[in-house]
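Novice: Start from the sequences, fold in the hints, and give me the full structure.
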Amino acid sequence: MTKVWNYFKANPIVIMLVIVSLIVGFTTNNFFSWANLGNLISNTAVRFIIALGVSGCLITKGTDLSAGRQVGLAACLAGILVQRADYSGRLYAHLPEMNMFVALIIVVIIGALLGAFNGAIISRLKVPPFITTLGTQTIVYGACLVLTDAQPIGGFQKNYTQLVTGRIGSVSGFHLPYLLFVALAMGLYFYFLYNKTRHGKYMYAIGGNEIAAEVSGVNTKKSIMLIYITAGIMYAFAGWLLAAKSGGASSSMGQGYELEAIAGCTIGGVSTTGGIGTVPGVLIGVLVFELLKIVLQFLGVNPYYNYIVQGVVIIVAVALDIRKNIKKK
Amino acid sequence: MSEYVLEMKDVYKAFPGVVALNHVQLQLKPGTVHALMGENGAGKSTLMKCMFGIYTMDEGQIYIDGEKVEIHNPSEALEKGIAMVHQELQPIPARTIGENIYLGRYPLKKILGLFTVVDHNKMYEDAKRVLEEVRMDFDPRKKLGDLSVSQMQSVEIAKAVSANCRVLILDEPTSSLTQNEVEALFRIVDDLKKKGVAIVYISHKMDEILRISDEVTIMRDGQYIGTWDAKDLTTDFIITKMVGRELTNLYPPKENVPGEVVFEVEDFTSINPKSFRNISFNVRKGEILGVAGLVGAQRTELMEGIFGIRSITKGQLRYKGKPITVKQPKDAIDNGIAMLTEDRRGTGILGVLSVADNISIASLNQYVDHGIVLNTKKIEDLVKENQEKMSIKTPSSKTPIQSLSGGNQQKVLIGRWLANNPDVLILDEPTRGIDVGAKYEIYCIIADLAKQGKSIIMISSEMGELIGMSDRIMVMCDGRVTGFIDGKDATQENIMELATRFEA
Numbered sequence: 001m002t003k004v005w006n007y008f009k010a011n012p013i014v015i016m017l018v019i020v021s022l023i024v025g026f027t028t029n030n031f032f033s034w035a036n037l038g039n040l041i042s043n044t045a046v047r048f049i050i051a052l053g054v055s056g057c058l059i060t061k062g063t064d065l066s067a068g069r070q071v072g073l074a075a076c077l078a079g080i081l082v083q084r085a086d087y088s089g090r091l092y093a094h095l096p097e098m099n100m101f102v103a104l105i106i107v108v109i110i111g112a113l114l115g116a117f118n119g120a121i122i123s124r125l126k127v128p129p130f131i132t133t134l135g136t137q138t139i140v141y142g143a144c145l146v147l148t149d150a151q152p153i154g155g156f157q158k159n160y161t162q163l164v165t166g167r168i169g170s171v172s173g174f175h176l177p178y179l180l181f182v183a184l185a186m187g188l189y190f191y192f193l194y195n196k197t198r199h200g201k202y203m204y205a206i207g208g209n210e211i212a213a214e215v216s217g218v219n220t221k222k223s224i225m226l227i228y229i230t231a232g233i234m235y236a237f238a239g240w241l242l243a244a245k246s247g248g249a250s251s252s253m254g255q256g257y258e259l260e261a262i263a264g265c266t267i268g269g270v271s272t273t274g275g276i277g278t279v280p281g282v283l284i285g286v287l288v289f290e291l292l293k294i295v296l297q298f299l300g301v302n303p304y305y306n307y308i309v310q311g312v313v314i315i316v317a318v319a320l321d322i323r324k325n326i327k328k329k
Numbered sequence: 001m002s003e004y005v006l007e008m009k010d011v012y013k014a015f016p017g018v019v020a021l022n023h024v025q026l027q028l029k030p031g032t033v034h035a036l037m038g039e040n041g042a043g044k045s046t047l048m049k050c051m052f053g054i055y056t057m058d059e060g061q062i063y064i065d066g067e068k069v070e071i072h073n074p075s076e077a078l079e080k081g082i083a084m085v086h087q088e089l090q091p092i093p094a095r096t097i098g099e100n101i102y103l104g105r106y107p108l109k110k111i112l113g114l115f116t117v118v119d120h121n122k123m124y125e126d127a128k129r130v131l132e133e134v135r136m137d138f139d140p141r142k143k144l145g146d147l148s149v150s151q152m153q154s155v156e157i158a159k160a161v162s163a164n165c166r167v168l169i170l171d172e173p174t175s176s177l178t179q180n181e182v183e184a185l186f187r188i189v190d191d192l193k194k195k196g197v198a199i200v201y202i203s204h205k206m207d208e209i210l211r212i213s214d215e216v217t218i219m220r221d222g223q224y225i226g227t228w229d230a231k232d233l234t235t236d237f238i239i240t241k242m243v244g245r246e247l248t249n250l251y252p253p254k255e256n257v258p259g260e261v262v263f264e265v266e267d268f269t270s271i272n273p274k275s276f277r278n279i280s281f282n283v284r285k286g287e288i289l290g291v292a293g294l295v296g297a298q299r300t301e302l303m304e305g306i307f308g309i310r311s312i313t314k315g316q317l318r319y320k321g322k323p324i325t326v327k328q329p330k331d332a333i334d335n336g337i338a339m340l341t342e343d344r345r346g347t348g349i350l351g352v353l354s355v356a357d358n359i360s361i362a363s364l365n366q367y368v369d370h371g372i373v374l375n376t377k378k379i380e381d382l383v384k385e386n387q388e389k390m391s392i393k394t395p396s397s398k399t400p401i402q403s404l405s406g407g408n409q410q411k412v413l414i415g416r417w418l419a420n421n422p423d424v425l426i427l428d429e430p431t432r433g434i435d436v437g438a439k440y441e442i443y444c445i446i447a448d449l450a451k452q453g454k455s456i457i458m459i460s461s462e463m464g465e466l467i468g469m470s471d472r473i474m475v476m477c478d479g480r481v482t483g484f485i486d487g488k489d490a491t492q493e494n495i496m497e498l499a500t501r502f503e504a
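Chains as they are written, first to last, in the numbering used here: chain W, 1 to 329; chain Z, 1 to 504.
Derived from the structure by calculation, the hints contain no laboratory data. These numbers were taken from a predicted model, which means no experiment stands behind them.
Cut-off 25 Å, straight-line C-alpha distance, at most; resulting in silico cross-link-like pairs (DMTMM-like, lysine to aspartate or glutamate):
no., chain 1, residue 1, chain 2, residue 2
1, Z, Lys378, W, Glu214
2, Z, Lys330, Z, Glu301
3, W, Lys196, Z, Glu385
4, W, Lys3, Z, Glu380
5, W, Lys126, Z, Asp331
6, W, Lys222, Z, Asp331
7, W, Lys61, Z, Asp343
8, Z, Lys195, Z, Glu125
9, Z, Lys194, Z, Asp232
10, Z, Lys195, Z, Glu132
11, Z, Lys314, Z, Glu266
12, Z, Lys122, Z, Asp146
Specialist: Okay, structure coming up:
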């Protein structure tokens, strides 16, 4: 119990949101409903997977601004590959109809290559991650526009959308989306990666003190490459899920997701000064952010104001996080 | 009116665990060069930083023209006519010389009586004039980064002159200058003296001190030793006053027996011509080789070169007679070499990470099960073993290392390297910033490692430590090895003599 209390004391933003949710829950209808929960889970799941990818970059004092556009590219590419052969609006009509898992493998390979591109430029050419991924963001968006000719993509195979939007239980009553289990599996994998492997330890060491890590024999270039490749794979996977979840894809998909992912990580305690961050923290951060959006929706706040509130929450969260460290000094 | 332009009285300054200045005084007469001398760590730079407002004194007073003043930050110091040319210059190379000189106090003008803007023409004209005052004749519109180190230093001095300074602090101004450049600097110093500026001159170079200074103040271990007229002094007298303390530190008995040569360094030369060059030495099994030298002797740079952190143009390493190639720290580690770096916070600890993470980072390959999973229990055992062996005091293995004391951090870092069971340990200032009690424990660990047959290379700036611990002492000066002294014959005087043997 004291542990829980200490957690809230250290994370005032989280407790604030929990309180606000409770108030909203008891004063509005349908907030505490299976439908709303399912909605929250599905939204959180995809963003959690993206945030997991970004978390490695942040822990090593980097960042990845190309995350959102990479998600968008993967979504469009997956969409193109899984369009039904009999769909009239097929973008690349000569392509054979492809199994959705083959499509997944293809987008994941492309994601890994994009990650390798980022990682190589950051670790070998020493271009700051902010600039590198800003460039990649634009390149990827351009590639996506070329690929889709800015046309929306629809007509997916039924089993693809059903697999991703499927659920256990009935729509009206108790149900849990499949995405919950996908996200949990990814979370467990990252938990293992970060806590039980050399790669994870090296990642934290690089974030804690890159020179000291190198002096200790850590191959920092290789670790950074792996971190950005892993991130690219996660964005691709998330894009593949997102296209199916939305039942369609377009080049604008994923726009701004990198900022939400970075915000989620930061709210969840990933330190902007490097070396600190946990998988449960990232989950809570993303969950809080998604919860915030739903709360605002239930409160009937004009959607245009949502961005303002979200922005304020991001700054307050980071300011509080940094204050913690200032006090220690 | 006081006869002194500036007086510091009874200055006391403590850092966590160390008293840096213990009731020190300094009195500067106008139009004189006042040399401030002492070993590394004697407190000279700290005293100057107090005068310049970088540090706040815990106790003590500063008087200017006999009037008590308070200096809280460098801009207040500048306003009161105190200027400092730093040991490591801090200019902005990408901006012009003029902008560097007038940084923070640009001449301003009004356009249309409305908009305040920087008056560039006036700035560059003024800059040209102050540059001439320091005998520099170049275009102030040039980028500072295009100048040589000595020219940049002149710009720094010009900056001080332009602020109409009455006290100028020169902290090791000649450490990176050639002989000709030193002469040029001395001419500038002479000019300033004639204008009535009091100059505080910090240097280790005896001949320079005796040549240009009027008065000499000597400090030792944060204590004020005395002030003398320079014309009454000899090199021997200064050295005796600088090092002449009674050794209060005790060192553990030495039971190590040096054996055959394990590690050889041949003709090691840095890619930086001002850094280490043509260095050859060897270390025996079970030997403690001390490395002595003043600030700027390039000892750390040499060791970083050996460990693959810095690049070399030529040189060969041999391990048990076999040539080895080290391009990055990992290569050195794979060849049984370990290096405890000098800057514990900067290049040693992973501050926010736990003691367990810190101690295991260099040897993680040993704790892997099934080729991938780290065995937490093995890592915990490593922590426990080290905790017992070196009595590391930490609340738990999960405590962030930055919350431990310096001595305990250092033990964790030693443990990090020992986990790889290296044969050669390079220890760069292993007891810096560690309190006396913990120092003794570190000495015991070092002595014990030598007894086990490890070869130890120990850089230290503490004479007592070098003499008390080393079997042999290699002395460096200005990037070269100037001699070896057997541990039994070593005295502070003969080390200092070799350490100040600058090339003419």
